[in-house]
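Kindly produce the complete structure, drawing on both the sequences and the hints.
Number of protein chains: 2
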Amino acid sequence: MDVTENPVNFSEFLQQDLADVQVRFGKEVASDLGCVNELTQYVERYRGKMLRPMLVLISAMASGGLCGKSDQLLEAHRIVATVVEMVHMATLVHDDILDEADSRRQGKTINCLKGNEAAVMLGDYLISHAYHLCASVGDQKVSQAIAGITNTVCEGELLQLHHRDQLDIDLETYYEILRRKTGALTGICTQMGAQLHGLNPQIVQKMYHIGQELGVAFQIIDDLLDLAGDEAVVGKTLGVDLRKGKLTLPMIYLLSILDPAPRQEMQAMIRQVEDGNQALVSVLMEHLLEKNCIAYAQQLASDRVNAVIQDIKALLPDNRGRQMLLQVAQAVIARQS
Amino acid sequence: MDVTENPVNFSEFLQQDLADVQVRFGKEVASDLGCVNELTQYVERYRGKMLRPMLVLISAMASGGLCGKSDQLLEAHRIVATVVEMVHMATLVHDDILDEADSRRQGKTINCLKGNEAAVMLGDYLISHAYHLCASVGDQKVSQAIAGITNTVCEGELLQLHHRDQLDIDLETYYEILRRKTGALTGICTQMGAQLHGLNPQIVQKMYHIGQELGVAFQIIDDLLDLAGDEAVVGKTLGVDLRKGKLTLPMIYLLSILDPAPRQEMQAMIRQVEDGNQALVSVLMEHLLEKNCIAYAQQLASDRVNAVIQDIKALLPDNRGRQMLLQVAQAVIARQS
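Protein chains in written order, with our numbering: chain A, 722 to 1058; chain B, 722 to 1058.
No false leads were slipped in.
When chains are identical, the list treats them as one kind, so a pair holds in a single copy or across two.
No more than 20 angstroms apart at the CA atoms, straight line, and that leaves these computed lysine to any residue pairs for SDA-like:
1) K835 / D996
2) K835 / H883
3) K862 / E796
4) K790 / K1034
5) K835 / G966
6) K927 / A866
7) K790 / D1039
8) K965 / M990
9) K770 / Q737
10) K1034 / G789
Read the hints as simulated data drawn from the structure, not as lab findings.
See below:
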């Protein structure tokens, strides 16, 4: 791919801006209560690739090229980058309660360490601070857009819960869940990059679509890693989805191509995994590999990302921001953790 | 008390305005997903006295008298009244997870009916919509103030969790928890009544103090009812606090007046209640009654409310809003449920 021929050195170029996001994050969540600071400091360990703030920053740099502000960042971009990271952290903390997960990023989860109650409240605390910080942008439309997106993220999570244990869920429902629970937040990241530059609504909407599609592809791969990843590399408990009755792309696809009899057999096995029969996970994996379901899911994620890459090239002028956006798009499907 | 001599008929005077809050609430949380609407409709059953929206509305009417708008409500007051009700509902949903409570307002809790996961996400959904609706006021300062308050509410909950199982917690820490987890939200209610009329910061701050103190008194009584209420009247599981290692005013007071030996005996009994020995609850109650600890707590709540009543009379001109505010203050200590 031509986009990697002259890769921008990310860590160097964005390092300072991402460090700035971390400083703003720390300042916003600091409390006069030691017991609160202890929890928020612990949650810093959850910090990963900082995909969402990165998307805000590089989308800002990229779309700035459409209004004579190529590779430029405004104060509002930096605030919103911190806000989306805070929202994301909150969803991780609450997700771990939903998933009853014990570990994340090589460490114990808050719910495992301090109990579900502390995890519920810590997530609420982070969400609350995200909106508090967001209000400092000084533009009510931004607060409204971010809150509108978190409405959608919650809907996605509730839709997923509603379909839990439904072993006949179809791909369209799966994508709808992904668009809401993951795509909405990544969509607002790329959207805000452009919107805060004052670009026109048509461009802003296209930028949302780019982020949304990247988010959906990211989640497809995330779900794949839960099934077929390496626990040591991924750094969190794997196989959680199957045990919690959450079917993801490879399994939904497998069930859709099987004849009724083997399909029912497969569904019976999934129910046994839910009931705690861990040994059957590897049997299910063999079936998924035999029918190329893992490769199929990988391909669908690739197709989405390639379409996004075309959209980016069609919409945005070539600059460092665009280069990085293209690299992030490719990294979404290449990742192992 | 003279304030009840000519009581305003609340239900008649505020009925339409509170019904309007309910309509706005329903519109805001409506989703295109049936599974989401099912949950939010269920949560309507949690609706109680609507204390918080009522505080916004009557504080607006009362403080309007200071700027020639006696008993007047602005559109922003109606929005904020709906926002605080939504925040309160979210905290109820999340509190029930923290308390592992099975029933509320004579019905099953969401966590009991649909699981902790749905309760976590439904609470998040309500919080998110609260901020979304709040952004429609069109004044970033209002969004910032409300989010600042929810920061404080979460701190209060986390502080309470931190002190759980600490059987030597002192009264000052107990009040600090109450000021944050309950007083902050009722404080912003009375504050916003005045602030949205554009009244000066000094008045706005005094109005916050009035609401905060009412909230603390309300919570003291709420905690009392958990200990000494009638389950059929209160409508939710009682004795939860003791079982969860949460000491409240009567017990903190009792422990503070006992000599070391009986104090340790009492603490040992509390630990046994935490471990599931329900029979000991009535023994503890006998000790609380014998030492007049229930009456003592009731008296402290009364003292607070009486001080608030003086503050209200000193600050606000006599109008229907003030009459209602004084009635609400008295109702806080008179309530049985």
